[in-house]
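What follows is each chain in one-letter form.
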Amino acid sequence: MIELLSRRVRLAARAGFVASMALAFAGPALAEYPDKPIKLIVPFAQGGATDQVGRMIAQPLEEVLGTSVAVVNQAGAGGAVGLANLSRARPDGYTLGIGSDSSLAARPLMTESGYTSESFAPIARLVEAPTGFAVASNSKYQDLKSLVEAMKSGQKVTWSSPGVGSGPHLAAETFFEKFGVQATHINAQSGKEALVKLLSGEVDFVSAAGSNFPAMVSENEGAIKVLGLAGEKRWPRMPDIPTFKEEGFDFIRSQWFGLVAPAGTPEDVVNKLATEVEKIMNNPESDKLLANFHFSSAYQGPEKFAEQIQIESKELAPVLQRIGMAKK
Amino acid sequence: MDLISAQDFAAGLSILLDPYVHVFLIVGAFVGMVFGAAPGLTAPAAVALMLPLTYGLGLNASLALLLGIYCSGYFAGSIPAILINTPGTPGNAATALDGYQMAKLGEGDRAITTAIIASFLGGLVSMLLLSGVAPVLAQVALSFTSVEYFSLALLGIVCVAGISTGSLLKGCAGALIGIFISTVGLDPTSGVPRFTFGIPDLLAGIPLIPALIGLFAISEMLMKSFRSNVAQEFLTSERRASVGNVVRDFARNKWLALKSALMGTFIGLLPGTGPAIASWVAYGEALRTKREGDKFGHGEVKGVIACEVSNNAVTGGAMIPLLTLGIPGDPVTAILIGALMIQGIEPGPFFIRDHGSVFISILILLFVSNIWMVVLGLMARRGAAQVVRVPAHILVPTISVLAAAGGFAINSSSFDVMLTVLFGGVGFLMVRYHFPVATVVLGLVLGPILESNLRNALVRSDMDPTVFFTRPISAAILLAIVVLLFVWGREDRRQRRLVSAELGEDVAEARES
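For the protein sequence lines, the chains are S and Y, in the order given.
Numbering (the UniProt record's numbering) for the first sequence: 1 to 328.
Numbering (the UniProt record's numbering) for the second sequence: 1 to 513.
Each hint can be trusted.
Pair by pair, the computed Cβ-Cβ distance ranges are:
1. Y/G56 - S/E303: 38 to 46 Å
2. S/K279 - Y/V23: 41 to 49 Å
3. S/G180 - Y/S5: 46 to 54 Å
4. S/N271 - Y/V23: 44 to 52 Å
5. S/T184 - Y/L13: 41 to 49 Å
6. Y/G56 - S/N283: 27 to 35 Å
Partial pick of chain Y residues on the chain S-facing surface, computed with a CB cut under 7 Å:
7. S143
8. T145
9. G191
10. P193
11. G198
12. P200
13. I342
14. D354
15. N411
16. S412
17. S452
18. N456
19. R460
Some, not all, of what chain Y presents toward chain S, calculated at C-beta under 10 Å:
20. F144
21. M341
22. F350
The hints are simulated quantities; they were obtained by calculation from the structure and are not laboratory data.
A quick note: this is a predicted structure, and the numbers were derived from the prediction, not measured.
Positions of the beta carbon are idealized from the N, C-alpha and C atoms, including for glycine.
All chains should be modelled from the sequences, with the hints used to inform the complete structure.
Laid out in structure tokens, this is it:
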């Protein structure tokens, strides 16, 4: 009898153990996302605009998700290095990254970038700033029209951008493609270097993200003139600058940054993140923060964002082909 | 010069009120002391290893740490050079010639005190020149185009090759290897990947800091683990030198000191050079102008003065092109670019205008770190030499772990750690076969400047190479290259003759390696 009882006890104990083990293993699948820290890959160096955007979104995300969001900077090749690492991460929602117009829409079309357009699950677009062209104040091109006329007439017009394959570089090339003009690109390694080239007279104009212009203009006290910004309407951060449309060029293009996860990340995780990001971006506090580094909030949900990437990708394909940067 | 406003000046000065700045200056000076004194470990290695730590520090504290290392690191190698005839860094090799002889005569303490004060003077003069020259040069640099930048980078490469302290051929080879390595990654003009072998991590090119840590630190650790642990013979000098006597030495040799400081600053200013070259050139000049009764090679204090003033004068000089053109003047400043970028500051012609307070802070930090160097140096002049005695089985694993952590931290990338190890292997082979490692680093830094500016200049001028001669500043730089090559070609032979005639063949040979 005692033996029987003890056997029962043992059985019960065993069953209890098995059940508890099963629970323990099933636990993570049942638990609410997220239950551990999230890694956010910022594919640009510390201190830059993308880094600031990443950190700006990381902090409120921590609060609403109740877990830490660690920003990891993996700079290189215009964001391609960090995104290539992201594409190889486990698609469980615990590794996210910041992508941009050039790194998400253009880079997959270029040679061996380490990822394709199918590598990511877009979560949400975060911020944008319109592309713009600027000249030195004493330039002979005082408006967009005269600049484009000069390019059309076959004169040698030189320009610079923050780097080959960067958003502003490709934006300008897309503009050239659309209006059938040509100009000679002089390479710079950064927006600052492009500005040095503009002020030394080495180039006639620069193409840059609008976010660079407010500081450029104020620091150079009248030495720089922004000819136009390619926004749909005038940009609230620089309301005096006309749009390309106003100047007679129907061209809309912005530099944007968005949150992406590796492809295969569960849909409910993507949706949950998108919902939280939307709340954060619509918060007036965020807009104040964004004003500090001259971006505008530009939320798009997962589907809209994926569409945006595809549209730009399609537009960029012939441009990349023409300038010899497309995948063979 | 209204480049720097009064507010900037005040903001720059206020750095002295920050207690952390002083803490990090002392920590930096200490780390620099250790790395400078330990043979094989150098100031660039220390700065590269400490750089990842500065992520978490603010701008002021990180600059304090790195500039503290910079000044002490260039000095401290003279201590083992004097006491055990083993220069802590190549920049102190010339110091050993007379310093060790002084120590043999029981005047080791006087030699070290002389080296400390000489380093202080060198640092001070070069800092003053930095404060005067940089704002002017920054103005001029605003008119520089790709043409001028290319000529400047070419001058740097020629300097590496022309006055390299070892074999000329091996110096050139090192620089070219560096330039070759710098071509990995996206082509700067067309954006097409080069030598990336389908590895996405290589798209961004070979990252400088991991490569540097491998070349400077891992290579030496590999060397150390191959050598047996030989107990070093210390020369004990009981005779303490009075600082007053040493100062009188300087008063007697004030022109030599000033001349050496100017030479050091100028050599620092040339991209592609460093303390090793500065000290040999200054020593050569001291030899050339020697007077009756000077006993160079047998414990002449002038030899120590010339070398140590000039190698620390490199610090201020090398900061000039860094802060005005974004081109580093020596290997340490090549790493300082990274440190500034981490803090969101891009060195270049706009640096002084946009960050006037940071410029003032840098000047002040250089000055204060020179003072800490003197204080720590005088306090620890005997102790510092003990670093040489740290056994390999403690030093090698410690530095290797630091190196791996440093390689990883810059980009949170395990791929970079592999690169660090790989470059450690490359560096080991180079050290083993007497190729100067620093030239690879300078090639790595100057290569992209050389390439992208050459191509930009040619694209801009429709492939017309005469632009390099028709633009006046570029033409002047090219002319300077020709003159320097001519002068150095002659000087080098003459100096080598002089050195070997004065000091015997063994010294001339030591210079070769």
